[in-house]
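Given chain A's structure and the hints, the job is docking chains E and B onto it.
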Amino acid sequence: MTDMTGETILKRSTYRSGAFEARLRRRYRAERWFQRAGIGAIVFAGLMLVFLLGTITLNGFTAFWQSHFQVEVYFDPAAITPSGSLEQSALSAGDYQALVRAALLKQIPAASSRDGKRALMELVSSAATYSLRDMVMAEPALVGTSRPVSLLASDNTDQFLKGHIARTAREGERTLTDRQVGWIDELTAKGVLTRNFSLDVLTRANSRQPEQAGMWGALIGSLLTMLVTLALAVPVGVATAVYLEEFAPKNRWTDLIEVNINNLAAVPSIVFGLLGLAMFLNFFGMPRSSALIGGVVLALMTLPTIIIAARAALKSVPPSIREAALGIGASPLQVVIHHVLPLAAPGILTGTILGLARALGETAPLLLIGMVAFVVDVPGSLSAPSTVLPVQIFMWSDAPERGWIERTSAAIMLLLGFLIVMNTVAVFLRKKFERRW
Amino acid sequence: MRIDHSDWLPGGNGPPVKITARAVNVYYGAKQALNDIGLDIESNRVTALIGPSGCGKSTFLRCLNRMNDTIDICRIEGRIALDGEDIYDKVIDTVQLRARVGMVFQKPNPFPKSIFDNIAYGPRIHGLAQRGPEMDEIVQSSLERAGLWNEVKDRLKEPGTGLSGGQQQRLCIARAIAVSPEVILMDEPCSALDPIATAHIEELIDELRENYTIVIVTHNMQQAARVSQKTAFFHLGNMVEYNDTEEIFTNPRDERTQGYITGRFG
Amino acid sequence: MQSTILIAVIMGLTLVGYLLGRSRAVAVAGGRLSHLHSIPSYHGFFVAIWAGLPAFLLLAVWSCFQDQLIASLAMAGLPDTVRQADAQSLTLIKTNILNIAHGIATGSEPEPSLREAAATYNQLQSLAGFCLLALGSALALAGIVHARRQISMDMRARNRVERMLSIGLVLCSLVAILTTVGIVLSLLFEAIQFFSRVPITDFLFGLHWNPQAAFSGDAAGSFGAVPLFTGTLLITVIAMLVAVPIGLMAAIYMSEYATPGARAVAKPVLEILAGIPTVVYGFFAALTMAPAMQVLGSGLGFDVSSQSAMAAGLVMGIMIIPFVSSLSDDVINAVPQALRDGSYGLGATKSETIREIVLPAALPGIVGAVMLAISRAIGETMIVAMAAGLSANLTANPFAAVTTVTVQIASTIRGDQEFDSPKTLSVFGLGLVLFVVTLILNVVALRVVQKYREKYD
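In order, the protein sequence lines correspond to chains A, E and B.
Here the first sequence is numbered in the numbering used here, starting from 11 and rising by one per residue.
Here the second sequence is numbered in the numbering used here, starting from 20 and rising by one per residue.
Here the third sequence is numbered in the numbering used here, starting from 16 and rising by one per residue.
So here's chain A without its partners, still in its complex pose (with noise of 0.2 Å):
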């Protein structure tokens, strides 16, 4: 043992040699290289994440300020109803355009050739023909009157306006020409065309035209979908945790329901869109692009997220609760329902919510059953043909006329929102009933 020692103490002053410190001194730096990537990646997210919502906000939030003519309207009589009836088939056969047209030439006066009068009503949009029969028709008695009326602008001045239609663009490279950049101006100068704020892209339906697209058809669709996968998803997800977790029995059986639940959890959410159209559509014969048929489509798929929430909730109630409650004489049922379900109530609620905002974000299985259908009515029932929010998103998104870039921006602004708030709900509720037993 004794040479042992010798080399022993040669090895220890190794520790305290200029070489080890060295070494130490690459160890460090190699320790701090490392921390900083791992920092370098928590960063990389979050840019990620401030450059994309930044690029929506930016985009989006503009589609709430919209660009509208404000002139003086003569409801003339000649145009609206040459018969002089006030019928309301009379008035709405009337050439509103031609209101339009006068109201325009008026603020314009160059604009009096034929194809000057085209390009002029190429400024405003196709809705405020269809405003001014709305008023008239509501009030007959503005026949033969004139009175100031506030006219939605075409798309393409809007997006002049907001500065995404180059000015100094060549003529042929620009959606308008260089007469109508000229008048733009002019009514600017002039007060006439103004930018106000607006909500029609929360509370106008969908449109063609994207000056006039608004997603309160979406939104009802969203509801109503949703409303039918939290009807069928939260009772059989729940009843089915309850099942395998307080009564099945442990076997083959139970077992395989569970892998099954498991995989089901991470089958890509197209194939429920298959699913939904071979079975639902084609088999059972279930409305084509209807709230029912999407809202079942995203039950199944939601299911197994709120059976793994509310297993897990279940799971965190301790079995003391179970035999204090059996010890009185009550039934394993009435266990469940009277001590252990509103124990894990909050679980199985936050567990809920967050699978409800996965699926109120889901968009490919419900292109497959039909919901990309271009649909104007805002649904009035469940069987009605409907799109929800991310749906309209996706076809928003595929139009090609520029301002379609702000509404679909905006259509995710309210998106998020909504899955913002579910989110915070939840944690909120997490961190509220959070119990430590």
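Don't read these hints as lab results, they were simulated from the structure.
Just a few of them, taken from the derived set where beta-carbon distance is under 8 Å, the chain A residues facing chain B:
{"hint": "1", "residue": "Gly56"}
{"hint": "2", "residue": "Met58"}
{"hint": "3", "residue": "Leu285"}
{"hint": "4", "residue": "Ile317"}
{"hint": "5", "residue": "Leu377"}
{"hint": "6", "residue": "Val382"}
Within a straight-line C-alpha distance of at most 25 Å, the following computed DSS-like cross-link-like pairs (lysine-lysine) qualify:
{"hint": "7", "chain 1": "B", "residue 1": "Lys365", "chain 2": "E", "residue 2": "Lys132"}
{"hint": "8", "chain 1": "A", "residue 1": "Lys441", "chain 2": "B", "residue 2": "Lys282"}
{"hint": "9", "chain 1": "B", "residue 1": "Lys470", "chain 2": "E", "residue 2": "Lys126"}
{"hint": "10", "chain 1": "E", "residue 1": "Lys176", "chain 2": "B", "residue 2": "Lys470"}
{"hint": "11", "chain 1": "E", "residue 1": "Lys132", "chain 2": "B", "residue 2": "Lys466"}
{"hint": "12", "chain 1": "A", "residue 1": "Lys260", "chain 2": "B", "residue 2": "Lys470"}
{"hint": "13", "chain 1": "A", "residue 1": "Lys127", "chain 2": "A", "residue 2": "Lys116"}
{"hint": "14", "chain 1": "B", "residue 1": "Lys365", "chain 2": "E", "residue 2": "Lys109"}
{"hint": "15", "chain 1": "B", "residue 1": "Lys466", "chain 2": "E", "residue 2": "Lys126"}
{"hint": "16", "chain 1": "E", "residue 1": "Lys132", "chain 2": "B", "residue 2": "Lys470"}
{"hint": "17", "chain 1": "B", "residue 1": "Lys466", "chain 2": "A", "residue 2": "Lys260"}
Quick reminder that beta carbons are idealized off the backbone N, C-alpha and C, glycines included.
Relative to chain A, chains E and B alone:
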């Protein structure tokens, strides 16, 4: 960074002191775990720390190589010196310190690597040797000194987790030896082992004393009596008594020590 | 709608049944409630179940068959000349009748016979609705009467209610199984039809994907799915190259280095990233990343199309970062502290401990997590649909436009296809491949992770 601790030392001409602790207080958050501990650990001796569970003996052991640094809420006051050098000084590097003060844990914790790599890990990170004959020699001599070589020399490539509990603990001791520490701290190294494996380890501790200073935490008083030369008795975060092992077990000065070693509490 | 009214009626009768049952039990007990076998509310539930359950079952079965039955009845009224048409045009006629009946404009003025059939259809529908309403209400009432009669002092109402509830629980737990069975059956059934027209080998190994051409006759040669598989693979690889290192490093930082303060910032960032819908990522990819890739690519001298695998893959990688990091976080936290202590005790630095001890120990779990992430990337649809395009190029160039299995599924089907064209059916072939591949990945990954957890429990 030498600390003048002549005033701390009990005069006398005993063996050289390796570690000196003075006025050590340890807190976990607001709770005080150790209260004004002061003792000298002598070189090439086995010092046993005994006491009922929760008395702070393991906490004190983990102060000696700053393992408590890995616990966020832990705060340490006072001074601990290794060869007269304050180990809590800013210039002291924990990596260097822990290479000099090795540790063996309560539960054998071999890495999920081969037996060879378990031993080679420490020397490799410290740059004591690279792969090759030099490393082979370190591995062999470490395993030999831990009394494990003959049992594992034919299966160095097999995972360390496949050994029996006692073998795993000797592997962990060999792993600690491989970086040539000056002090080895052992935290109840035999509590998870059967009596035969325990006897093996105790024998090994006795042999290692020749080259290393050993501090061992144990709640087994017979073990303390068998392997150690010095014993410190801890109780409720205080060090009640510190003396030669023989003295402690035959002639305890404090009532609490007497109560504990005679089995009245603990 | 009659069914809506019926639902309301049934629910009302269920409530009435509950109240009747309870009061009947109280009456039977005659003031000695403790002598009842079960407390009165169980008798109430007993009657309520009898009122609601049979009527709801009737409603469910009825609505499954009503439309089909009535449609065929309406078709039966058509002139013989029309009815002798082949199956395909019959389907078309049926669709037309339904459209007219629902008042959906079909463009041209419909034939009188069709209009007549539509009228019959509508008549039959409202007739059936009233029948259903009457039958359902009668059934609910009969249930109440039947159940109420059984109430007595000794009736084991609690046991009977609980028995029915237990059966209900078991049935609910079958839904998950039935969903899987439904997926497998619908994929298999349609895919087999597809493979009877296009040989499976042509599908799996063919290099040319052009379903549009299938209409011009050459069915077999247009359904070679290899370009879709390589496209999926290319995008998945790019996504993994982004997500695995960054997600793993993020998880390591979060579990080993981050102070509570840093964790309080970093965790929400990852959670928000995880909660953003894929369609939003898709929009981001198309709007921002694809043009950026074009600039980058042309800077490097590549010819980059406006849609590229790179843009889609990068954004998909960003989407999967939180998935990888939360799974790896769990896995890393499962590594026992004793191993870290052992390494620190030897004088290893933190990063040495992580790289040499923690990561190798966590490797099986991390592999499982990566497999789940791959399965996620393969099944992702929206990002690719919006940023990678539809052109089935057989290429390994990340700056080229490629397409994937999921995109082809989503772009071919819009819910209104005829089920007999090979183009529509091809989607189920693709769906089957997608399902099988992701299933294998998931099963293996879940098993690997489970084994790993058991090791350290």
